[in-house]
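As given, the protein sequences belong to chains A and B, one line each in that order. Just so you know, we're using numbering that gives the first Met the number 0 here: the first sequence kicks off at 0 and counts up by one. Just so you know, we're using numbering that gives the first Met the number 0 here: the second sequence kicks off at 0 and counts up by one.
Please keep in mind that the hints were generated in silico from the structure rather than gathered at the bench. Glycine included, each C-beta is placed from N, C-alpha and C at the ideal position. Incorrect hints may have been included.
Simulated restraints on C-beta separations [stated by the list, open to error]:
(1) H257(B) with V72(A): 27 to 37 Å
(2) P343(A) with I21(B): 49 to 59 Å
(3) H217(A) with I21(B): 40 to 50 Å
(4) D71(B) with G96(A): 46 to 56 Å
(5) G138(B) with W99(A): 34 to 44 Å
(6) L423(B) with H217(A): 43 to 53 Å
(7) A104(B) with H217(A): 24 to 34 Å
(8) Q89(A) with L50(B): 24 to 34 Å
(9) T302(A) with S417(B): 46 to 56 Å
(10) D396(A) with I416(B): 54 to 64 Å
Where chain B lies over chain A, by a calculated footprint (3+ residues, C-beta under 8 Å) [unchecked claim]:
(11) 98 to 107
(12) 110 to 116
(13) 120 to 133
(14) 441 to 447
(15) 450 to 462
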Amino acid sequence: MNDKKNYRGSTKGEASTAVFTAVKSTGFPAGASNNGREEININRQKSDKRFWARFASLAAIIPAYLILLVCAVLLPRSTVSNIEKRNLAQFPEFSWGDYWSGKYTADIANYFDDTVPFRDALKQTASRFSGLFGIKYNDVQVSGTMEVVNTKPKEDEVKTDSSSSEAVSSKSNYGGSISSDTDTDKKKDTDTEKQMKGEEIAEGVYANGVIVVYQDGHYRAMSMYGGGSGDSYVSSLNNYASDLPGVKIYSLVAPTASEFYTPANFSDYNASQEDDIIDINQKLQNVTGINVCPALLSHKKETIYTRTDHHWMSLGAYYAAKEFASAAGVSFLELSQYTRMTKPDYVGTLYTFSGNNADLLNDPEDFIYYVPKKQDYKTEYYDYAFNYVYEGDLFVDVQVSTEYYSTFISGDAYSVKITTGVKNGRRCLVVKDSYGDALVPFLTGSFEEVYVVDMRYFERNLVDFAREMNITDLLFTCCSYSAVGPNADNLEVIRTSGYTGSVDTQPEETSSQEETSSAEKQPREEEESSYEEPQQPSYDDGNNYYDDGGYDEGEYYDEDY
Amino acid sequence: MVFADLFFLYIFLPACLIFYFINKNIKYKNAVLIIFSLVFYAWGEPTVVFLLIFSTIVNWLLGLQIDKHREDKLGKMALGGSLVFSLGMLVIFKYLGFIVENLNAIPAVNIPVPNITLPIGISFYTFQILSYVIDCYWGKVKVQKNYFKFLLFVSLFPQLIAGPIVRYSVVEKEIENRRTTVTDLAEGSCRFMIGLAKKVILANNLWTIVESFFGGDISGLSVFATWYTVIVYAMYVYFDFSGYSDMAIGLGRIFGFHFDENFKYPFICRNIAEFWQRWHISLGSFFRDYLLYVPIGGKIHAHLNLFLVWFCTGMWHGASWNYIIWGLYFGIFIFLEQLMGKKRMKAIPAVVTHIYSKIVIIVGFGIFYFEDFTQLGNFFKNLVGANGNALTDTIAVTSLINNCFLIAAAVLACFPISKLVNKLTDKSTKTIAVGQGLKVAYCLALLIISSLLLVDATSNPFLYFRF
């Protein structure tokens, strides 16, 4: 930036000497006393005054710009973002192909923009500034698009087996005064809209926007639930029931936070999860449907859900697990038989999903989980095709605060086998999404063996697997989004797919899912190393799903639960 | 490359300024500007930069021919050749896909739709070239004998990709010789910072609101939500576009060029004709000078000519029917205003004309936004509640309250407040100093906030990819 200085230096010779002569001739700066001069003179004097003011402005602008420039260019560049939990962009390597496509130059600019010195601190300041854009009315802040899902009058509610699509379209009925024809049209519109975004909504709307509310002295973020039928989930489970006679099968669909904490004036945008769960349970045949909503509702005041993450808290999973144990008729360890563990400063995924809401970031919570006092169990980790990997702890010491939820059984990275001290001849297979992670540790006092596989990533035929392991109890547990969304489709894939023994087997078949799942999988496999050595933060997992700043509902709900 | 980007602000621009100001020789300065302009353009368009260079060579040569054969037929042919070349380029790169799509609507016609990416800024620089060639033919400007000076005029990076459309006559002398005065530097940099703030602080954040309502299916939006969003969208387009123009004008001044104003507070207009005298002036005046007053079909067809102008104005904004409708929509109102006559228009109370013009403009931006006709139809229904939708809804009210200060600031910025401040402070040395001090502090604060928000840029839309 010597240019401006140089420039100033070079013009000083001309411009400022010119000024000095002008000053002399008009008597400036004592010009205020020069009243009564002719007009031209006054005008000249005025323009001279402006000149000095402008000269002074440059004396302020140039150093200020220089300071910003030094900060932006010369200070050491950031390499890692703790907020976004990712490595920042690298300076690109040159290739002619990249150059001609414009990628190389774009990457250079991106590198510079992404690695600004003090990036995280600046980002926080910026989002705090964005908080000044308005008043937080009822302390609700909205991000993402939202659709009304709930204006259907209760008395019109007719539920038949095939009413799923009707239920969805009437749910998007705004004001309730539209004929059924337009309803269908509207549903089609919504469908194509969603499909254009690459979002599978065969089962109806299941994800709406994210809101941040201020309740009981704290900020809480939650994603609104759009509702859906869960037909694919129900038919899969019914198929499992006929495939596995003699095995007790349970369905535990976990509601998410919006079921309990949505403010009254937003209820139009949030479908009832309990209604959908009851609906699912009614359609299940030879499967025990467990509705945990009443149990959770009665503990609403406790920290059963995280405020900053899209998961529940360990305590919520505890109450749900208790319902499951009583339905299965097995013993259950009361909370007093666990040690309460606390990790402070937890800010989960909803910070990013809410569009980097500053209030959320500045109001971290404690991540609380419960470790059995009597540690008479053994935890073995297996890969998705159930090949043995290592023996470890049921809880993992996660270092990255945004990832604390992966404390339970290492998150979704592995299949797990837990051998407990219980002797009741019951072997439970848990088929879960990430909501199940927090629930599994509460089963160590209930079954002899607990097998845990992920409904999205498991690479073997689940029916064969259940037979092979002599499973007595089969629990399907996932959150409502997974039950009514495309995650449920995978249950049918792992039921019917043949196990080839090859790790390469991709359970997903639809092209749209293949993309997300392989993208999902890449980081998870790499995560293995970071969790084996817990002291090493897992930044280097190449995980870019928060990268684009703005969040895409489809991307995140399809697989993340 | 775009201006509202940290890489431009803190790498490209300072590098350019250093090289520009270390030598006083005008040839050197011009060379620096040409090189940096081509790098600027090639940064985002590494291949079509050659198209830009090719266009300038062809038109420069034709310009020479026009001058040489002023009296004979060859001059006319050169002009024709240049028009066909420039407009042909525009048609191929911008409208071919659109034309083929429409031809395919005819049964029995089935041409594969070509997949051509629009070279950024082609609409702007093509019009600059056209203005030069036509002015040259009309004898309004002297022919530019030096190719590099012509290349500088076309490729000058401040106005290259997002306007304004600078006429050759405006910068003719400054290309030959210019000086950056202290005033230019101070005013130019302040202007740039204000433009940057319009784009980064106002436009980008208004866009977030627009996206959250108009981003998906709009059939369920309430009447209030629809009006609210389209008003926010109108302001978004204004701040985005005029912000870019401000930055261009400011950068131009830093390099000693004085471009004409492109926006003059369009929303304070009293009628639609006045709106277009204040909105994207360089485009409006281009069509006025080169199309409207060119007697195509004689005086009888003056009205037809008017609609031709508005058809073209609409079409210029993008290869889609909604832009054409948008142009003709304004054409109709201007035609009606002409029928009314100036006197009768003036007789109408100001309140009425203001409300009339604002509604027409705001609804117009709805047409501008929705390329999809089903969505556009829903938009019109939503405006009057013909969808049976609610009058208001929680989300829109919450959004308004969540963003009330941002929107208030945006509304204020639509009024000529800086002019008022200038007028108030332009009294004595002291008040001028105070005014200037405030302005500098204000601009620097805007620069810092803009830079900060660019670090956190979650939405930084580029409006001109269709122009």
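Status of each hint after checking the structure:
For the pair H257(B) and V72(A), the beta carbons lie near 30 Å from each other, so the given range of 27 to 37 Å is met. Look at P343(A) against I21(B): about 55 Å separates their beta carbons, and that is inside 49 to 59 Å. Distance hint for H217(A) and I21(B): a CB-CB separation of about 57 Å, inconsistent with the stated range 40 to 50 Å. For the pair D71(B) and G96(A), the supplied restraint of 46 to 56 Å holds, since their beta-carbon distance comes to about 50 Å.
Roughly 42 Å separates the CB atoms of G138(B) and W99(A), a value that falls within the hinted 34 to 44 Å. Take L423(B) and H217(A): their Cβ atoms lie about 47 Å apart, and the range 43 to 53 Å holds. Restraint check, A104(B) to H217(A): a C-beta distance of roughly 57 Å breaks the suggested window 24 to 34 Å. At roughly 32 Å, the beta carbons of Q89(A) and L50(B) sit within the given window of 24 to 34 Å.
One distance hint, 46 to 56 Å for the beta-carbon pair T302(A) and S417(B), holds here, with the actual separation near 52 Å. The hinted range of 54 to 64 Å is satisfied by D396(A) and I416(B), whose Cβ atoms lie roughly 57 Å apart. Coverage of a stretch by a chain is defined here by at least three residues with a beta carbon nearer than 8 Å to that chain's beta carbons; for the segment 98 to 107 of chain A and chain B the count is 7, and the condition holds. Restraint check on the segment 110 to 116 of chain A versus chain B: 3 residues with Cβ-Cβ distances below 8 Å, three needed, restraint holds.
Three residues within the 8 Å Cβ limit are the bar, and the segment 120 to 133 of chain A against chain B gives 10, so the coverage statement holds. Residues of the segment 441 to 447 of chain A lying with their CB closer than 8 Å to a CB of chain B number 0, which falls below the three-residue condition for coverage. By the rule of at least three residues with a Cβ nearer than 8 Å to a Cβ of chain B, the coverage given for the segment 450 to 462 of chain A is violated, with 0 such residues.
The structure is inconsistent with the numbered hints 3, 7, 14, 15, although it conforms to all the rest.
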